[in-house]
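The lines below spell out each chain.
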Amino acid sequence: MAKNISFTLKYWKQNGPREKGHFDTREMKNIPDDTSFLEMLDILNEELINEGKEPFVFDHDCREGICGMCSLYINGHPHGPATGATTCQLYMRRFNDGDVITVEPWRSAAYPVIKDCMVDRGAFDKIIQAGGYTTIRTGQAQDANAILIPKEDADEAMDCATCIGCGACVAACKNGSAMLFVSSKVSQLALLPQGRPEAAKRAKAMIMKMEELGFGNCTNTRACEAECPKNESISNIARLNREFIKAKLAD
Amino acid sequence: MWLCNSSIGRKVVMSVTGIALILFLTFHMSMNVVALISGDAYNMICKFLGANWYALVATLGLAALTVAHIVYAFLLTMQNRRARGNERYAVTVKPAKVEWASQNMLVLGIIVVLGILLHLFNFWYNMMFAEVAHISVPHDPADGFAYIKDTFACPVYVVLYIVWLVAIWFHLSHGFWSAMHTLGWNGKIWFNRWRTIGLVYTSLLMLGFLVVVLAFAFGVAPSLCCAA
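Respectively, the protein sequence lines represent chains A and B.
Just so you know, my numbering puts 205 at position 205 of the first sequence, and the rest follows in order with no gaps.
Just so you know, my numbering puts 116 at position 116 of the second sequence, and the rest follows in order with no gaps.
One or more hints might be untrue.
[What the hints assert, rightly or not] Covered stretches of chain A (in silico footprint by chain B; criterion: 3 or more residues with CB under 8 Å from a CB of chain B, positions within the stretch not fixed):
id	region
1	97 to 107
2	149 to 155
3	194 to 202
4	205 to 211
5	219 to 233
Hint data in this document are derived by calculation from the structure and do not stem from the laboratory.
The structure displayed is predicted, hence computed values, not measured ones.
In this text, a Cβ means the ideal position worked out from N, Cα and C, and glycines have one as well.
Extracted from the complex, chain A is given alone in its bound form (with noise of 0.2 Å):
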């Protein structure tokens, strides 16, 4: 049965990256725990409009888990408390009455805040840009038989494409770094024949974006595969090392 809780909520204010930001604590009284955490936020803001005061901002978009889109930190984890889970997965029954629930942005050098908890990461798109693609003739399909690829590997770059690129890996590690991403975007394709070609010259040319956008050196906590919502293997960063080192050791 669902029960209504209420609890105290601390949220992050910020108006830019340059700006202070500051936490809003509010009483939120009988939210149904059934409700899920973003339309808890959306009855915060229906509260705030009606009090004519503006509206708390953060990232969502096809609140099903795939999209990567909401984001949000929230009492010490990146989407919040359920693992395997991305925020609009997360449910209010995960909370008990009276708790305090802090909710902060992805906090990094690489992801400046542009209002609130909405954070820039357009850093993933410009690693994605530098080489996360394969090269490819297009004209007629060909017999999808015509590549024998055995199922572990197929099996595995499917798992290493569920990656939605949300940045609760950067969000969760203690050095910033995006190497669960990248290395997940690498894996993708380093598994499958079509990306082969262009594996090294890919694993070269994002890990040398990922330098120039500002992340982190990864020191293998495993900080982000535990918080990753996809359950993304920080193997899949040994395979990156193994490929650029592979790469580089060619040149």
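On the provided structure of chain A, position chain B as indicated by the hints.
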């Protein structure tokens, strides 16, 4: 040069120097254990590794490895702090699978460096350095056995050395598999293998050092009663 201007390259430097230092520790531990068995045999090793050209060259190489490891550690940490941004999280939770050591490698490293300085003052200064610089020291520079007895007769040094060994254990408990991971020799299966190998190896290594410290602290080393 990719070893300086790419993050993986810088980490490769950390990994390779780290592994080299683990090999050095292995070598060092093997020699220490000799002191348990025979003072004379230990002093033979001390003479062999005294102020000879090959020992001096190896010492310089070792110093270079250590300095590279430390310089890169500070460089990487500075870059990582900058990448994290100015604003810190108000609430942080360490996920269960995150090892404490993995997030505190620099702090552990600083404790290790302080231990190294103490160790150089206790032994190296009185042995190799004294021989090269012709300083007069309490015992013959090649009489390493006498320095072991002197140092571990003092309980303060014993405690400091144990703290030092524990810090190295924590540092390597993360450093060992992390080095393999950075060099790309890891995956879903090898992850647990490397972690286990690393923990067992590090524990044996540190136990080897610890046994010598404790044996001399309590005066129960076999070499104390039989040989001398």
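(request) Count residues of the region 97 to 107 of chain A with a Cβ under 8 Å from any Cβ of chain B, then say if the count reaches three. (result) Per the Cβ count (3), the hint holds.
(message) So is the region 205 to 211 of chain A in contact with chain B by the C-beta rule, three or more residues under 8 Å, or is the coverage claim wrong?
(response) Three-residue rule met by the region 205 to 211 of chain A, so holds; n is 4.
(message) Cut-off 8 Å, C-beta pairs, minimum 3 residues; does the coverage of the region 219 to 233 of chain A by chain B stand?
(response) Our answer is that it holds, as 9 residues pass the Cβ test (under 8 Å) against chain B, meeting three.
(request) State whether the coverage of the region 194 to 202 of chain A by chain B holds or is violated, taking the criterion as 3 or more residues with Cβ-Cβ distances under 8 Å. (result) violated (count 0)
(message) Using a Cβ cutoff of 8 Å, are there at least 3 residues of the region 149 to 155 of chain A near chain B, or does the coverage claim fail?
(response) Violated: only 0 residues of the region 149 to 155 of chain A have a Cβ under 8 Å from chain B.
In this structure, the hints that do not hold are numbers 2 and 3, in rising order.
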